[in-house]
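Visitor: Sequence:
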Amino acid sequence: MNFKRLASQTASGLRIGVTSAAILQLSCGFTLAQAAQSIESNSLTRSPIKHLIVIIGENRSFDHVFATYQSKNGEQVFNLLSQGIVNKDGTPGPNFYKAEQRAAADPTADKFLLAPAKSAFPNNALPAPLVGGPKDSYVTGDSLALAKTSENGLAEEYYPSLVSGGTGLTAHTPDTRIKNVDSLKPGPFQLTNGKTFTYTDYAASPVHRFYQMWQQLDCAVGHITPERPSGCDASLFSWVETTVGAGANGLAQPANFSTNYSPTAVTTGEGSTALGFYNVQSGDVPYFKSLADNYAMSDNFHQSVNGGTGANHIMLGHGDAIWFSDGKGTALKPPHSTEVDAGSPNAGVVDEIENPNPAPGTNNWYSEDGYGGGSYGSASYGGGSYSNCADPTQPGVAAVVKYLQGLPKPVDPHCEVGHYYLLNNYNPGYFGNGNNAYTDKSPDNTVFTIPPSSTPSIADKLMAQNISWKYYGDQWNNYVPDPYQLNYGAIGQKSDEYCTICNPFQYDTSVMANPAVRNSHLYDTSNLYFDIQHNNLPAVAFVKPSGLVDGHPASSKLDLFEGFTKKIVDLVKANPEMWKDTAIIVTFDEGGGYYDSGYVQPLDFFGDGTRIPMIVVSPYVKAGHISHDYTDHVSILKFIERNWKMGPVTTRSRDNLPNPIVARDNPYVPLNGPAIGDLFDLFDFDTVL
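Here this note's numbering = 1-based position in the sequence shown + 1205.
Don't take every hint at face value.
Stated by the list, open to error - With a straight-line cut-off of 20 Å between C-alpha atoms, the simulated EDC-like cross-links for lysine to aspartate or glutamate are:
1) Lys1607 with Asp1596
2) Lys1827 with Asp1729
3) Lys1353 with Asp1891
4) Lys1293 with Asp1596
5) Lys1785 with Asp1886
6) Lys1390 with Asp1294
7) Lys1384 with Asp1406
8) Lys1303 with Asp1315
9) Lys1607 with Asp1617
10) Lys1646 with Asp1665
11) Lys1293 with Glu1280
12) Lys1771 with Glu1782
13) Lys1646 with Asp1687
14) Lys1340 with Asp1406
15) Lys1533 with Asp1645
16) Lys1400 with Asp1341
17) Lys1827 with Asp1889
18) Lys1778 with Glu1362
19) Lys1771 with Asp1498
20) Lys1771 with Asp1729
21) Lys1850 with Asp1665
22) Lys1538 with Asp1596
23) Lys1277 with Asp1729
24) Lys1533 with Asp1665
25) Lys1827 with Asp1886
26) Lys1771 with Asp1387
27) Lys1390 with Asp1498
28) Lys1785 with Asp1665
29) Lys1785 with Asp1736
30) Lys1785 with Asp1889
31) Lys1277 with Glu1782
32) Lys1277 with Asp1498
33) Lys1277 with Glu1305
Derived from the structure by calculation, the hints contain no laboratory data.
Construct the entire structure; sequences and hints are all you get.
Guide: Laid out in structure tokens, this is it:
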């Protein structure tokens, strides 16, 4: 059966083709429901792709993973090696200056600055990167049996990595596993050396929050060059993580605070972690390198929001940010300082509004920033995570908006009046069982929960057109009956192995408040493995690994995310019926705060951010192809919409942006920006299989 031809037939001819397809599938042992689902997918797509699997890992930038990658077939790759910033052996290259990191100072001492005045680091060396991650492993007793019992999402050969790779060092001290840790040049450095620091060892995690990421990019109109037409030179990664790091939750800066490690000083605990990279030339990242060699990859795919996991998963699902409300669709101001009412579910919270203005007497110590601390069972504090970006008088907003509107082609911040948008990680408004998490006052719940959201998502579009979809979350079956994740698993303490903030649809009333919808579309990854093997995949599948194997630095490892991905790819390829019309997108939620040298296109107030890896595994790609089209998470929505013949999620969602038009001399920068591609250029649909 020629499914490619079938999909392009006229309406009358299509009915005949569908009947033939149904007979063929039923003769192969499919159920009627499975045949109907496959018929639906075949009849609706513009391409031979009938099943899309999107696998989302955690917190790795493109240069962090592919700094030294070279295309198997000689295609151009824009990375640290190709620019001469580093050599193949990971040492500084002739153009190392292009990635030079700088120190900075805020002369106003009370206003957040995107591009403060800069100077060289003392001794022209990076502040030492500090130790992060477990001293041993996260699995109790390093038990391989327990690891296999708790986590079923790995290819068999990767399980030993769950019980190994501990740092063996004291946290927040200079990471002596790194060569020349106290005298690194002020730019990117190789993490691994094959001896004291191997690829399967745990590494520290840099800051990855909204205003910090904007500031690390060092964007200014005065920085514009032909090579960097947005004026973002990415020179403040180390300075931001050593001055403010991952947020202070509104707490005062310690009196003995320092940006450099010393035994008597308090630091952010990171040092220059953000500048570390792996070296595929030395054998690091072997599985993802093999996928890039044999399938297709983008070197211009970006995190869609400057910020962390939650905001980027929300943008991936909605093509938009979500905002604080009454839980019924009316925008409200979040709890703010003394305005918190004693009867509010968030009583006791100091402030939920972001304030990146430096605290008095500090150099860039944000006044209110963080995820918040405490719960309903204890005193809560801090937690700034919302900004009213339509109001330039709000903290931090003016600097971003002034930059966007000062560009040669001004960019609309795209913020609605009176809306306080969620910029970082707050728990979704629903538990997995459909209960309202925002109003839940259990001592085990966090007050830092966003109310149920009315913002439409791609799920709403798919359901409206009867196109099948599922979200497969690792450990979902354990989480639903245990919404506070109190049952102790492999890590031997309160677990967050299921990622609540990673499920974009768990924020949404349209999905979570309807048991029929919720129970038909939200599943565990154990169901994914069954569905692949039994030809029961939906048209669109989003897949999230657990916190143990998602690749997040410090709490997981990149090789574990490779193992998670390999299991899925191997299962699909082992089923010819699935493999022949499936595309697997492997990407990350965000760059994790790691440095990247790529061009960043400002699209609106929320981003874009740094490049992140994105690989497409499919029989319909050319081995070793590198796409240069400018894309981000919302490009996945654009692919879904084009392939399954749908319009954008809403009239304001980012999937309304046009596809890029580029000049021949610079394929990375859209001439018609803001613009993002739809990923179709990664495929070769003329390939004869």
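Visitor: Going through the numbered hints above, which ones does this structure break? Give me the numbers in ascending order.
Guide: 2, 3, 4, 8, 10, 23, 26, 27, 28, 31, 33
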